[in-house]
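**Student:** As you go down the protein sequences, you meet chains A and B in turn. Take the first sequence: its position 37, counted from the start at 1, is 116 in this note's numbering, and no numbers get skipped. Take the second sequence: its position 64, counted from the start at 1, is 75 in this note's numbering, and no numbers get skipped.
In short, the hints are calculated from the structure, not lab data. Ideal placement from N, C-alpha and C gives every residue a C-beta, glycine not left out. Don't take each hint at face value.
[What the hints assert, rightly or not] Subject to a maximum C-alpha distance of 25 Å in a straight line, what follows is the list of computed DSS-like cross-link-like pairs (lysine-lysine):
1. A:Lys-150 / A:Lys-162
2. A:Lys-150 / B:Lys-112
3. B:Lys-112 / A:Lys-93
4. A:Lys-136 / B:Lys-79
5. A:Lys-93 / A:Lys-162
6. A:Lys-88 / B:Lys-79
[What the hints assert, rightly or not] Taking beta-carbon pairs under 10 Å as the criterion, some of the chain A residues facing chain B (in silico):
7. Leu-90
8. Leu-122
9. Leu-124
10. Gly-182
11. Gly-184
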Amino acid sequence: DGGITQSPKYLFRKEGQNVTLSCEQNLNHDAMYWYRQDPGQGLRLIYYSQIVNDFQKGDIAEGYSVSREKKESFPLTVTSAQKNPTAFYLCASSGLNTEAFFGQGTRLTVV
Amino acid sequence: KQEVTQIPAALSVPEGENLVLNCSFTDSAIYNLQWFRQDPGKGLTSLLLIQSSQREQTSGRLNASLDKSSGRSTLYIAASQPGDSATYLCAVRSSWTSYDKVIFGPGTSLSVIP
Numbered sequence: 080d081g082g083i084t085q086s087p088k089y090l091f092r093k094e095g096q097n098v099t100l101s102c103e104q105n106l107n108h109d110a111m112y113w114y115r116q117d118p119g120q121g122l123r124l125i126y127y128s129q130i131v132n133d134f135q136k137g138d139i140a141e142g143y144s145v146s147r148e149k150k151e152s153f154p155l156t157v158t159s160a161q162k163n164p165t166a167f168y169l170c171a172s173s174g175l176n177t178e179a180f181f182g183q184g185t186r187l188t189v190v
Numbered sequence: 012k013q014e015v016t017q018i019p020a021a022l023s024v025p026e027g028e029n030l031v032l033n034c035s036f037t038d039s040a041i042y043n044l045q046w047f048r049q050d051p052g053k054g055l056t057s058l059l060l061i062q063s064s065q066r067e068q069t070s071g072r073l074n075a076s077l078d079k080s081s082g083r084s085t086l087y088i089a090a091s092q093p094g095d096s097a098t099y100l101c102a103v104r105s106s107w108t109s110y111d112k113v114i115f116g117p118g119t120s121l122s123v124i125p
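This is chain B alone, in the form it adopts within the complex:
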């Protein structure tokens, strides 16, 4: 059974720092991996989607990498800003036929201090 973990559970950094969030999964037979952002009391906003055949995806100051063999993905945030403060979740999808085979990690709560 696929399990997804995220370490650390919480992270606090000063503004301007580059940072890395980690996502680990136990079964390397995945279809894709997705990173989401969640603001307090809000829904999830998709940040980056990496297909299993890809190694990384970039969007602005965000870069996500995927290493299936080691069961790891990282989300790199460059030059962090207070507006980046949120919870970041990764989700691993094991089936292309349906979104029901998606397992979410518990999230990393990020706080960027001005």
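Isolated chain A (complex conformation):
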């Protein structure tokens, strides 16, 4: 079935550690996005990519990094520079001028 898959569902990070969240899609979408969701707030855009080997910062990119080596994959690394990483992370993909499809999310907790 076509869709977008995030893994893992739950992730725990120790202080000072980098962690990577996976996002894979088989929808043949050109664009992919990472959002952060905090309680009581709307989704905020971290990074997005509209084509392989190219990506742009969103509204809250500090402390995060991404890569887009393949059309199907857009992993997000939460670095030690992100001081408040505990949140729910959502990945999405879309074709040009179409609505987006979302993954099921990864809940990251700092321990």
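Got chain A; can you put chain B on it based on the hints?
**Tutor:** Relative to the frame of chain A, chain B by itself:
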């Protein structure tokens, strides 16, 4: 800068009631508006997409309206059921060229009591 708000933040209704969720946006120059449903700990599921040239969209018991001039959209849910309990988010898209110009509201948490 586009801002999107949703009122109320939470709503609790008895089963069977008709209800309206509200979404307001500050800049009427939008491309489209989309309503999503989010179950606890899950991703977003698209419910209805309204293009800027449309006034409303319907899907089953759901009806979404759009009034660009007043900066408002409403999601009407008829004959509510406990399975409708979830958080409902609206998202306003300002550019047709890319999905990055999408602003999400904070959501309305709906609880339908059996």
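**Student:** Is the hinted pair Lys-93 of chain A and Lys-162 of chain A satisfied, with a Cα-Cα distance of at most 25 Å?
**Tutor:** holds, 12 Å
**Student:** For the pair supplied as a hint, Lys-136 of chain A and Lys-79 of chain B, confirm whether the alpha-carbon distance does not exceed 25 Å.
**Tutor:** violated, 29 Å
**Student:** Under 10 Å is the threshold here; is the Cβ of Leu-90 of chain A close enough to any Cβ of chain B for the hint to stand?
**Tutor:** Since chain B brings no Cβ nearer than about 13 Å to Leu-90 of chain A, farther than 10 Å, the hint is violated.
**Student:** Regarding the pair Lys-150 of chain A and Lys-162 of chain A, is the alpha-carbon distance no greater than 25 Å?
**Tutor:** violated, 30 Å
**Student:** Hinted pair, alpha-carbon criterion (25 Å max): Lys-150 of chain A, Lys-112 of chain B. Please report holds or violated.
**Tutor:** Distance of about 21 Å is within 25 Å: holds.
**Student:** Could you grab the alpha-carbon distance between Lys-88 of chain A and Lys-79 of chain B and see if it respects the 25 Å cut-off?
**Tutor:** violated, 38 Å
**Student:** Does Gly-184 of chain A pass the interface check with chain B, least Cβ-Cβ distance below 10 Å?
**Tutor:** holds, 5 Å
**Student:** Hint check: is the beta carbon of Gly-182 of chain A less than 10 Å from a beta carbon of chain B?
**Tutor:** Nearest chain B Cβ about 5 Å off; hint holds.
**Student:** Between Lys-112 of chain B and Lys-93 of chain A, is the straight-line Cα distance small enough, at 25 Å or below?
**Tutor:** violated, 33 Å
**Student:** Return the status of the interface hint for Leu-122 of chain A: holds when the least beta-carbon distance to chain B is below 10 Å, violated otherwise.
**Tutor:** holds, 4 Å
**Student:** So, Leu-124 of chain A near chain B? Judge it on the closest CB pair being under 10 Å.
**Tutor:** holds, 6 Å
In the structure shown, a violation is registered for the earlier hints numbered 1, 3, 4, 6 and 7, in ascending order.
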